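Visitor: One-letter residues, chain by chain:
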Amino acid sequence: MFYRENGQFKSTYRADQQIFPILQDRVLMLLFLVVAFAVVPAIASDYWFRAILIPFLILSLAALGLNILVGYCGQISLGTGAFMAVGAYAAYNFHVRVDGMPLIVSLLMGGLCATVVGVLFGIPSLRIKGLYLAVATLAAQFFIDWAFLRINWLTNNSASGSVSVAGLSLFGLPVESAAQKYLLCLTLLVLFALMAKNLVRSAIGREWMAMRDMDVAAAVIGIRPVYAKLSAFAVSSFIVGVAGALWGFVHLGTWEPAAFNIDRSFQLLFMVIIGGLGSIMGSFFGAAFIVLLPIVLNQLPGWFGLSISTALSSHLEFMIFGALIVFFLVVEPHGLARLWSTAKEKLRLWPFPY
Amino acid sequence: MGFFLETLFGGLMVGMLYSLIAIGFVLIYKASGVFNFAQGAMVLFAALAMARFSEWLPAWLGFESLVLANVLAFLLAMVMMIAVAWLIERLALSKLVNQEGISLLMATLGIAYFLDGLGQSLFGNDIYKIDVGMPKEPMMVLESTFQGGLLLSREDLVAAVIAAALVVLLALFFQKTSTGRALRAVADDHQAAQSIGIPLSRIWVIVWSVAGFAALVAGIIWGSKLGVQFSLSLVALKALPVVILGGLTSIPGAIIGGLLIGVGEKLSEIYLGPMLGGGIEIWFAYVLALVFLLVRPQGLFGEKIIDRV
Amino acid sequence: MRDPASTPRPAAHERPVILDVHNISLSFGGVKALTDISFDVREHEVRAIIGPNGAGKSSMLNCINGVYQPQQGSITFRGQQFRHMNSRQVAEMGVARTFQNLALFKGMSVLDNIMTGRNLKMKSGLLAQAIRFGRAEREEIAHREFVEHIIDFLEIQLHRKTPVGRLPYGLQKRVDLGRALAMEPQVLLLDEPMAGMNVEEKQDMSRFILDVNDEFGTTIVLIEHDMGVVMDISDRVVVLDYGKKIGDGTPHEVRGNPDVIRAYLGTTH
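Residue numbers (the numbering used here), protein chains in the order written: chain A, 1 to 354; chain B, 1 to 309; chain C, 1 to 269.
Hints were generated in silico from the structure; no laboratory data involved. Some hints could be false.
Derived coverage of chain A by chain B (criterion: at least 3 residues anywhere in the stretch with Cβ under 8 Å from a Cβ of chain B; other residues may be distant) [claimed, not checked]:
(1) 56 to 62
(2) 115 to 128
(3) 280 to 289
List time: in silico PhoX-like cross-link candidates among lysine-lysine, alpha-carbon distance up to 25 Å [said to hold, decoys possible]:
(4) A:K10 / A:K344
(5) C:K121 / A:K344
(6) B:K95 / C:K161
(7) A:K197 / C:K106
(8) C:K32 / A:K197
The structure presented is a predicted model; accordingly, all values stated were derived computationally and were not measured. Backbone N, C-alpha and C define an ideal beta-carbon position, used for all residues, glycine too.
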């Protein structure tokens, strides 16, 4: 009875098309943002920032980018890690080679470079799809892995591809403490999420979904398949590139190509599947799930008074990931996001059963 | 020239090993239209089972004969692969029948992770040996033509022969038996096959078991050569470009594709590698597959893919 | 019969030709789908293409639409001749179509499906859409208004937010029509719009088609099997059989044509 739309009638299309049409949702979102921006930095511990919140924010951003490509436009990509790498290393190059380069510009340039590479490796999608496209994106992944390992120029002549950054600052404000890094990531995530949400509910979003659902019919309506697919790759790679730059700069500080290897690609794909394909919220759910699961698994035996070796724990993690992927695909292919909206539907009727 | 030939042979042998794994892919795709990302994990799982059982069985049952240990381990590993096939069909495949290819693909990815974790939990994650009596000493051939002769690995030759035998066996199975015919019907159209009374579930268990058998053979050969370890499952990812080249629906294609990739990798590493900084083996196969995808997506021997409105 | 009280307009033979099909031949490998087909379509008329199954009707539509490229012949649209044009170019020229097997975007709502029809008219760039505030939002709302008119016209208001995959077949067909209408086409190609419908649904659909023809002046080319519908709503009819044209004229003329009768009923010995 609290989550009712009674009396919330929309009299303009503008009101009908809002991101959060239900008042209670808007209030909740506002509350959430206030907590995230004002309360959390004050009370969270360093551990929470470094191990949970910051990875969650950055991986959500990457998952958001991937969801646009896979969930909305239906183009499978197993090379996301590589695009994150491009973003990270490109940003690094701009940061160290250009004196006094502002952080935000480095990050965005990292995104742009990832966009160029993404569009390039997106070209095969114009001719192939499904599992064939998956193999093509794997080519991108392995090639880029190798490039950052062996082509010294790309890593500012670091022999093993290992680089590091320190002493970051944004418009004069330091980005050193965990709380400051958290706020930077949070701000960027909110901005990108807003823009992504706008894109998916506009004409381009519908073009992407049309390509996903039936690309042959899309051409007949006047949708240009080339533009639709490549724009999806472009937007997705940009977001993933910025996320990669953040991952290197803010979360890791020091990194090498292995930080963005195929396991990272699979991890992001799993986030998107479990969280919900074709859903902005789903990206957040998926990222939260994947970030928290290993931590929970580590602590769980302790709660039951058992102790298991770290090796077994990591094997169990693999098993649980795998089992959950299959579980979600079978039971709820639309992921946690669908479970969430189903729960909200039930809440609208509560306390009545139907 | 001698060095070139040695590299060539080496590449052919490696290629044969890739083909062994790729055959499993093709089997499953041919018979169920599913692209099995978990083939590599199946190879690792089977190899682990074989390695550990051949170690444990003598201890459990108190005998010493290596041959007996190997035979029993093989049988036990095969039983496990059938059990895995049955579980996969029951818990994943049958539920995902009506969903699009992309869901099935991602499901096999999940299965791969699951099998990786399961295998290592059950059997451990060290490096293990498989000793099935493969000849380890290399041999020299063509000593009269080339000075010093060419170095060939006996083990690889035996592997090649086994792979060829496997291909012939499977080709006969598909063409000549009624089960093989049923498999081909199922691959063509699930619903039509069901409507004429072909038991889909049983067929799929059979297919995945046969693929499990292929995985076991591949695992034994690879494991005997390299030792059984986690990286096996990553090497198996190489089989993807192999089936792209050869064609997803062709078993002979898997062989040819494997040979091409094996030779290509070795030759490109030796002759192209130094120009590019070395280590290009990790991407050569994939980029080659990419080129094929743009030029001839159905591979050398696959069926043409048609999109109807 | 057409309602005589509807808006009077110049007689059929006085209206300009909007679509002219010249000697179109189409084959797939060795199979000849269409042999030397020629006919014209005049502005504002309702032109039916009929014929037994496999006569090549859908293929003809696909040629007009740019989905298939004919080996011979050309198609002239408002005097502009083209032989090789892809579907997008044809769409831009003002030709829209519906599909026999419904090519709707199953994952999207009715509203979104019809909105995709407005895509050609949307001008905002990627960045403008990402920011949305201002021009992009105004454009979105303007197009939403137009689409709502179509939704009202087709009487599917109740279902606008429902994913199309969940709707019954008859309503899905209406959404297909709506999406084509959203393109504001000059020529509308309808591929068996009444297939699989019961009598009431057919009456509704006929009414919609006639209203579109009357109110918006859209030229209609439709493939249809139901002879009653064809006789009732079309101005002129083309008859195909085995890829060849065997009849062309008003419904009345075509009905009496012995070749047409033979094609449908077979020869008597």
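Visitor: Closer than 8 Å, Cβ to Cβ, for at least three residues: run that test on the region 115 to 128 of chain A against chain B and report holds or violated.
Guide: Held - the region 115 to 128 of chain A has 3 residues with a Cβ nearer than 8 Å to chain B, which meets the minimum of three.
Visitor: Go check the region 280 to 289 of chain A versus chain B for me, would you? Three or more residues, Cβ under 8 Å, otherwise it fails.
Guide: violated (count 0)
Visitor: For the pair supplied as a hint, K32 (chain C) and K197 (chain A), is the alpha-carbon distance within the 25 Å limit?
Guide: violated, 49 Å
Visitor: Are three or more residues of the region 56 to 62 of chain A within 8 Å, CB to CB, of chain B?
Guide: violated (count 0)
Visitor: Sort out whether K106 (chain C) lies within 25 Å of K197 (chain A), counting only the CA atoms.
Guide: OK: K197 (chain A) and K106 (chain C) at ~20 Å, within 25 Å.
Visitor: Decide if the proposed pair is consistent with the structure: K95 (chain B) and K161 (chain C), CA atoms, cutoff 25 Å inclusive.
Guide: violated, 29 Å
Visitor: Is K10 (chain A) close enough to K344 (chain A), meaning Cα to Cα at most 25 Å?
Guide: holds, 20 Å
Visitor: For a C-alpha distance cap of 25 Å, please report whether K121 (chain C) and K344 (chain A) respect it.
Guide: violated, 36 Å
In summary, the numbered hints that this structure violates are 1, 3, 5, 6, 8.
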